[in-house]
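Participant: Position chains B and C relative to chain A; hints supplied.
Chains as they are written, first to last, in our numbering: chain A, 1 to 996; chain B, 1 to 184; chain C, 1 to 100.
Among these hints, one or two may not hold up.
[Said to hold, decoys possible] Taking beta-carbon pairs under 7 angstroms as the criterion, some of the chain C residues facing chain B (in silico):
#, residue
1, Cys9
2, Val16
3, Tyr20
4, His62
[Unchecked claim] So these bits of chain A aren't anywhere near chain C, every CB distance computed over 10 angstroms:
#, residue
5, Gly236
6, Ser432
7, Ala434
8, Leu439
9, Arg535
10, Pro626
11, Glu641
12, Arg914
13, Pro973
[What the hints assert, rightly or not] No farther apart than 20 angstroms at their CA atoms in a straight line, the calculated lysine to any residue pairs in the SDA-like style are these:
#, chain 1, residue 1, chain 2, residue 2
14, A, Lys890, C, Ser36
15, C, Lys100, A, Gly431
16, A, Lys827, B, Ala25
Read the hints as simulated data drawn from the structure, not as lab findings. Every residue, glycine too, gets a C-beta built ideally from N, C-alpha and C.
Residues per chain, in single letters:
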Amino acid sequence: MSGFRIPGKGRVDPATPVSFRFDGRKVRGLRGDTVASALLANGIHLMGRSFKYHRPRGPVAAGSEEPNALIGTRRGPGRYEPNTRATVQEIWPGLEATSQNKYPSLKWDIGAVNDAAYMLFSAGFYYKTFMWPRSFWDRVYEPFIRAAAGLGVSPSREDPDSYASRYLHCDVLIVGAGPAGLAAARAAAVDGLRVVLVDENAEAGGTLLSEPQARIDGRSAWDWLSAELAALKANGVRIMTRTTAIGYYHQNMIGMVEKLTDHLPDLPADTPRERMWRVRAKQVVLAQGALEKPLVFHGNDRPGVMLAGAAQTYLNRYGVLVGRQPAIVTSHDSAWYAAFDLADAGARVQAIVDTRADVRAELLAEAEARGIKVKLSHTATATSGRLRVKSLRVNPVRDGKVGTPYTIHCDTVLMSGGWTPSLHLFSHTRGSLAWDDDLTTFLPKDTPEECVIAGASRGLWGIEAALTDGADKGRAVAAALGKAGTETAHVVEADRPGTGTSEKELPTDLDPSRAKAFVDYQNDVTAKDLRLAVREGMRSIEHVKRYTTNGMATDQGKMSNINGLNIAADALGKKQPQVGLTTFRPPYTPTSFGAFAGYHRGAHFEVTRKTQIDAWAEEHGAVFEPVGQWRRARYFPKPGEDMDSAVRRECVATRASVGMFDASTLGKIEVVGPDAVEFMNRMYTNPWTKLAPGRCRYGLLCGDDGFIRDDGVIGRLSQDRFHVTTTTGGAARVLNMMEDYRQTEWPDLQVWLTSTTEQWATVAVNGPNAAKLLAPLVEGVELTDDAFPHMSCAECTVAGMPARLFRISFTGEIGFEINVPTPMGRKLWEAVWQAGQPFGIVPYGTETMHVLRAEKGYIVVGQDTDGTVTPHDAGIGWAIGKTKPDFVGKRGMARPDLVAKGRKQLVGLLTEDRSRLEEGAQIVFDPAQKVPMKMVGHVTSSYLSDAVGRPIALALVEGGQDRMGETVHIPMPDRTIAATITSSVFLDPDNARLKI
Amino acid sequence: MNAPLHSFEPSVLIETAAARVSRAAPGARLSLQARGDLPPLNAALGLDLPTRIGRRARAGALEAICLGPEEWMLHAPEAQAVEILSACAEVYASRPRSLVDVSGRETTFVIDGPRAAELLTLGCARDIDGIAVGEGRRTAFDGVTVILWRDGETSFRMDCWHSFAPHVQHLLEIGCRELAAETI
Amino acid sequence: MLLIHCPYCDETLPEVEFTYAGQAHVVRPADPSSTSDSEWEAFLFLRENPKGAHYERWRHLHGCGRFFNAVRDTVSDRFLTTYAAGAPRPDLSDLIERAK
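Bound conformation, chain A alone:
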């Protein structure tokens, strides 16, 4: 065991040593250590290099607010995380930790030349340095900035861990399990209230873990803590540790990230690495405590300079003495207690330097009793030492004048600039803050949420004050929920309430323009940078923040915001509340993408809907494509076939004999009721009154703006019942639109809508042999032109299954669509497949379907239309029931712009050189015009067509329907293609092929 571990101190387990590696070197710690406490126990303070100047840095804090000690952690291949705070990462046997932002080594880093060239990197240096010449932006500046700046290196492999998420509902959520949070939980845990107590640390207790000297209700703080935790559990309180409340969202929703495995040597099965909790609490108690502020003076970032409270935590919680000869610099009483604790543990405290003239007599007496020199009315002006602090330069201050400096030799400098209430989550609620002149900090004021603040986060110092306030707040939230909370009172001995003053940068006798007095350690922002920003015209604190990047690093300004504000306010000659505070935004601490993604990755990234026939398609080598949420078979290549050849074969076989297609994904809506026909008349452009039961019709759906929304074949099953089909992607949208009109525009109509998309599996059979193939399978319907003409529908039996049979065609061939209940889909498909073998039936996918329909000029809504296309534009004005008094879209189609000349209209295109056009390619009339040319339309669909004998395309072209036979031009990167405008129906314009 190293000499910095104090036997008998701390909550680490001396019986369980734990070895890990830091920069390849084996380090021994104890179970319960963090990486930082274990390294400090081995006398290692240097843990990283800074962001901009590459200055050597060690930990300043002991908790999640740590700005400096950022490490990479590795657990075997693939498991690497950068920018982990060494102060929160628990050690486990085999952990590999590495320092960051250094080359070639942490102790000898070449980037440290930036430190000498620091004049270049002053406030706003990005804006000044990297402006000119413009040609350098992409090639020089950006690569340079990317390489030089930044923290850790991103992991390069896919994350092998799993992440989870859960919703949690509770009556009371308490954030922070320090004395205030514990007392609030105890008071509120009554009468079945669901109380959740959450803390980011590995164990509950908060400040109690660092203050074992206190005696609560006659017991030592740690005994009291374990008894209290047991009592809370017995009262049904759910205590969640290693869980950070990262954000406070609307109406008491709190996002929390629980870390489940980062502290474990072996990864347990079925356990996610992190879990995002989405908590909805009726009442929230924020008891997040306060964060200690550094003092701002030249050299306040040298390894070995740290917060006094952190040193106290390392000693009392981890049993680690951060230095043998600490010097204290403070403006607050709390650092005195740290000094006493370290002295009592064997450190030779070199001096307590306090900026204040008057300090409580009791503190002076205690210092004297320990033989500690005290320097009141002093300032700290510099430190020395390359990789570790060696001395502190201090000066007396008299009447505002900085006196003669002298040097205090030391191996650590423990500083305290007072405490800042942790208001991050409170600020997320859009809560207002009030400046407190006595505490020189902002305190919480009003919030629109059901939320109260307890303890140090509202400026109450000391354990007793926190316990009392926590209990009060616990009872208050119980009362808000109509319950009487538990009455408790606590007596605390050896409590350490204290006071202090808040400083801007400390007064100095050195040239302030050369001082490196750090405010934001992580972004390397100094007091001088903040003053420069104000001198250069930044007035708003938000501008100062962005210009200097103060508070913009991953620690979100936890330590720097108030110091930065004090300095900016001084430079502006204003009071702090007039300057204002920058906004805190979630997350409270850096959060992994995995925690946000949760289960939604890989195959579970989003819903993938599959039909009952999908598995058959997969077994038969289909290539799939996503259509909406559905995965659909695109084509069925045979060995050696590419898409073009497979699609060509499928098209040829279908037109020559018969093909089958899985149309199950088409949207289906059953429209039922006495007013069903009236509803259909109002929704769709077509007339429905005269459509006889047993017949179907192509239906066109527009919006009230007159533009095409959807289409599909609609069958009338009986007087009061329609079977509506929609596009695959439009199913949910169309049902929503219909429900909207039904519920809110025409609530008097007796009609109801039911989605039957998934009630039916649909197999389409198309081709000259389709009827011949199906006839033996169909019972109850004779498949002839007389008995069951094109556009008929019937309920019947197909292959022994109850079916709805439609005679419709989206290919121009004789076509049927057979619907059977979804669970029978594959059985039907295989029955058709078997029956089709004598006819050489081919299964085809969406790509062939697209070619076959394009050859007939049938549109695909969303491909040939784009939300600005009217039925007339698409050449399907015939689908409009002109005599109907009203339907959705009728008035819209009469809008001036929609009846104007020169609208883009759907036409066919045949290229003169017989090349295939690119879908989306722009069209011009005159290829000789200057760039930018006037674009008059675009190609919407383009395919090779065996049936037509050349490539075909559909396009929207200005005034296209009046330009038949004209030539248009499609400029491409390498050439311009000429094409002739034709009818969009390329094949069988008389529909002769539809006849059996």
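Facilitator: Here is chains B and C on its own, set in the frame of chain A:
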């Protein structure tokens, strides 16, 4: 995962110490929508349709849950579907309504076990405690519309459309294992 | 994530069960064909964009399926009230008073 459903037989999909998820046997499912005067329909069904959203009623093997102000889902054994459809057809003229057979549309997961309610919190944003035993709700589970029936403190049924079932099942399976691995 | 009270279910439920459906009380003219171009333009396109109380529509899509109306404060994102489709526009000053 995301495998299509070939089997419609009732079967246990996963069982851990935390919960068990199985697939219910197929049955008749009828979507009923009507407004106004319900007694004629009640008489035809032999059951008083509940009028408060989330409430259920049962008569023999026929079960009804109120999903909306004018909407119910009826569950019954497969053989009973025809009988229900024709009984309602008889009163159609006096009591217009929509009755659509959606037996083929949906499948049902049975979820039970000591931590069944917690398992649902993986995907259900609403407070499961707000659904009383013997009630049910239409809600969303991991973005998928489902009907959740609470049959007991730790016993639920979840209906969803077939194509969404693999996604739902996948998360339920992950959850069963995850919950079982937890040390409470 | 907001909490929304569904007036049909009479329950306050998470936003994920709902979808937004635009401004409320935009009445489709009884006889659209007799409307002028500017009246029809107003119906189709012209919408309020208030800072403060906004009358709007939501649908309890993953629940009872009903469209309903709501008044939401666009600054605080709080719902002042929700009410059934077809019900009259509630009095704003009352709502704002009650919200306080």
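Participant: Against this structure, judge whether each hint is valid.
Facilitator: The hints, checked one at a time:
The interface hint given for Cys9(C) holds, since its Cβ lies 5 angstroms from the closest Cβ of chain B, which is under the 7 angstroms cut-off. For Val16(C), the interface hint holds, the least distance from its beta-carbon to any beta-carbon of chain B being 5 angstroms, beneath 7 angstroms. Hint on Tyr20(C) is violated. Least Cβ distance to chain B is approximately 15 angstroms, over the 7 angstroms limit. Because the beta carbon of His62(C) sits about 4 angstroms from the nearest beta carbon in chain B, less than 7 angstroms, this interface hint is met.
Every CB of chain C is more than 10 angstroms from the CB of Gly236(A) (nearest about 24 angstroms), matching its label as outside the interface. Non-interface status of Ser432(A) relative to chain C is upheld: no Cβ of that chain comes within 10 angstroms, the nearest being about 13 angstroms off. Even its closest Cβ contact with chain C, about 20 angstroms, leaves Ala434(A) beyond 10 angstroms, as expected for a residue assigned away from the interface. With a minimum CB-CB distance of about 29 angstroms to chain C, Leu439(A) clears the 10 angstroms threshold, and the non-interface call stands.
Consistency note on Arg535(A): stated as away from chain C, and its beta-carbon is indeed over 10 angstroms from all of that chain's, at 36 angstroms minimum. No beta-carbon of chain C comes within 10 angstroms of the beta-carbon of Pro626(A); the shortest separation is about 22 angstroms. Consistency note on Glu641(A): stated as away from chain C, and its beta-carbon is indeed over 10 angstroms from all of that chain's, at 43 angstroms minimum. Listed as outside the interface, Arg914(A) is consistent with that label: its C-beta sits roughly 44 angstroms from the nearest C-beta of chain C, beyond the 10 angstroms cut-off.
With 10 angstroms as the threshold on Cβ separation, the claim that Pro973(A) sits away from chain C holds: the shortest Cβ distance comes to roughly 38 angstroms. Restraint check: the Cα-Cα separation between Lys890(A) and Ser36(C) comes to about 13 angstroms, which is no more than 20 angstroms; the hinted pair holds. For the suggested pair Lys100(C) and Gly431(A), the alpha carbons sit about 16 angstroms apart, so the restraint of at most 20 angstroms is met. Among the hinted pairs, Lys827(A) with Ala25(B) is consistent with the structure: their alpha-carbon atoms are about 19 angstroms apart, no more than 20 angstroms.
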